[in-house]
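Protein chains in written order, with the UniProt record's numbering: chain A, 1 to 295; chain B, 1 to 173.
Note that these hints are calculated values from the structure, not bench results.
Worth double-checking, as some hints may not be accurate.
What the hints assert, rightly or not - In silico contact screen, one side only, chain A against chain B (beta carbon under 7 Å); selected entries: (1) C21; (2) T130; (3) Q180; (4) D201.
Backbone N, C-alpha and C define an ideal beta-carbon position, used for all residues, glycine too.
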Amino acid sequence: MRERRPLRIGPILCALLVVVCVLAVVVYQREGATGPLHSVQATVAGIIAPLQGPGEAASGAVDDLGQAQADASASEETLSALKQQNAELRNLLAQAEEYRLKAQDLENLLNLKDIYEIEGMGAHVIGRSTDSWNQTITLDIGESSGVKPGLTVMGSYGVVGQVASVADRSCTVRLLTDPQSGVAALIQSNRAEGIVRGSLDGLLYLENVAADVTVEPGDVVLTSGLGGSYQRGLLIGSVVKVEGRAGDATRTIVVSPNDITHGYEDVIVVFEASGDTGGDEGSGDGASGDKGAEG
Amino acid sequence: MEGKSLLLLRVAGGAVALLLQVAVAPFISLGQCTPNFIVAWCAACCMANPAKPPYLSAFLLGMAFDIMGGGPVGAMAFCLLVVTFAASRVYMVVSNDTVFMTVAFLLASVLVVELLYAIAVAAVQPSVALGQALLYRSLPNSLYNFVVAAIVYPVVAFLQGRLASAGAEMPVI
Numbered sequence: 001m002r003e004r005r006p007l008r009i010g011p012i013l014c015a016l017l018v019v020v021c022v023l024a025v026v027v028y029q030r031e032g033a034t035g036p037l038h039s040v041q042a043t044v045a046g047i048i049a050p051l052q053g054p055g056e057a058a059s060g061a062v063d064d065l066g067q068a069q070a071d072a073s074a075s076e077e078t079l080s081a082l083k084q085q086n087a088e089l090r091n092l093l094a095q096a097e098e099y100r101l102k103a104q105d106l107e108n109l110l111n112l113k114d115i116y117e118i119e120g121m122g123a124h125v126i127g128r129s130t131d132s133w134n135q136t137i138t139l140d141i142g143e144s145s146g147v148k149p150g151l152t153v154m155g156s157y158g159v160v161g162q163v164a165s166v167a168d169r170s171c172t173v174r175l176l177t178d179p180q181s182g183v184a185a186l187i188q189s190n191r192a193e194g195i196v197r198g199s200l201d202g203l204l205y206l207e208n209v210a211a212d213v214t215v216e217p218g219d220v221v222l223t224s225g226l227g228g229s230y231q232r233g234l235l236i237g238s239v240v241k242v243e244g245r246a247g248d249a250t251r252t253i254v255v256s257p258n259d260i261t262h263g264y265e266d267v268i269v270v271f272e273a274s275g276d277t278g279g280d281e282g283s284g285d286g287a288s289g290d291k292g293a294e295g
Numbered sequence: 001m002e003g004k005s006l007l008l009l010r011v012a013g014g015a016v017a018l019l020l021q022v023a024v025a026p027f028i029s030l031g032q033c034t035p036n037f038i039v040a041w042c043a044a045c046c047m048a049n050p051a052k053p054p055y056l057s058a059f060l061l062g063m064a065f066d067i068m069g070g071g072p073v074g075a076m077a078f079c080l081l082v083v084t085f086a087a088s089r090v091y092m093v094v095s096n097d098t099v100f101m102t103v104a105f106l107l108a109s110v111l112v113v114e115l116l117y118a119i120a121v122a123a124v125q126p127s128v129a130l131g132q133a134l135l136y137r138s139l140p141n142s143l144y145n146f147v148v149a150a151i152v153y154p155v156v157a158f159l160q161g162r163l164a165s166a167g168a169e170m171p172v173i
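Start from the sequences and build out the full structure, keeping to the hints where you can.
Rendered as structure tokens:
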């Protein structure tokens, strides 16, 4: 009688699981930002965020230790350079305060405060991406607070990203530096429009700027509000590098973001900005806004 | 008994890898490169016992990674399954019980996982260029994951050996 070969369950199990994975990827790709798999991702991000607290504290302690060691071993030359730098910074701070007071006076005079008033909700960053392929943070407010996918998120000094997915009590924000991010922007000095995109190399690029526009390092970049994904007139950053000249088809413009959320800090989810002249929130046109949020 | 010990080891190790991925990995990033403890764990398990590749661990941990992150759900699980299957098969054939071969397979495994994942991400997300994904993510991630895997592997091999010997000493009832 012929001996029967034992059934090898391993390869069969592996093949079945591979099929399940492929199906999951297809479903994830086809469903929208509010689909079940995206919702599970957003919910899980809110659940696991508290686990990152001790890690953040330990990370901060290690950074402080390194800084303390560096400070203790600083040479006399370094100290004198730092003192000089400190004096310069104090001078700049005094100047900045003057400008601020002057700006406040002008703002009051022209009632600009009313025009650019932002209605939003403060939120605390409670988690960050667990992998290197996504530049996201998790906030401690969600659908129950009125947060919706597509809303703009601002730090203390400018736009940091856009709400990508929302759970009941938390939401995930895709940062500007994420390669899937894209925001319709304009250059303040010449009103030229373009799109600021994140990239895998960690830089922000200003693209689709008309070829005849002259762009210089230092030019301030704001959100244009086109497409309605981001509120209009919010500060993104400034141009730091321009490779190529006006008329050059392969011109590369690098933008330095004005605000980056490094650690656990507070941000504002912008519900409405009075100066907004864009369309409805979250109705991205594909050229701007978070493609991930658009699904 | 050996099967139960192996199962216990993989469940416990997988849980630890998952916890480290959530609580530790984001804070030990080098630049924009975050280590992947799950890939390192699966690769180490695969090399420590190629006759019993951790298919279920690879699937569950990969899915957990995808759900915790912001990438396409199922992509990492797919990559881990494919590499677990291929690496264990090839390793059983070519392994000559040298450290070099194990190290080479660990490196190759984590590299292929990252390459496959980069291809999957580039395919699903049109804004991600494959060249950039390979250059800025896959290669640095692979090196980081390899370092982690090289630390994890001896631990797994040691624990597996201890559990196997403990199982052999158990009286057969």
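Status of each hint after checking the structure:
For A:C21, the interface hint holds, since its Cβ comes within 7 Å of a Cβ in chain B; the closest pair sits about 4 Å apart. At a threshold of 7 Å, the smallest CB-CB gap from A:T130 to chain B is about 5 Å, leaving the interface hint in force. Nearest Cβ of chain B to the Cβ of A:Q180: about 5 Å, under the 7 Å cut. The hint holds. The closest approach between the C-beta of A:D201 and any C-beta of chain B is roughly 5 Å, which is under the 7 Å cut-off, so the hint is satisfied.
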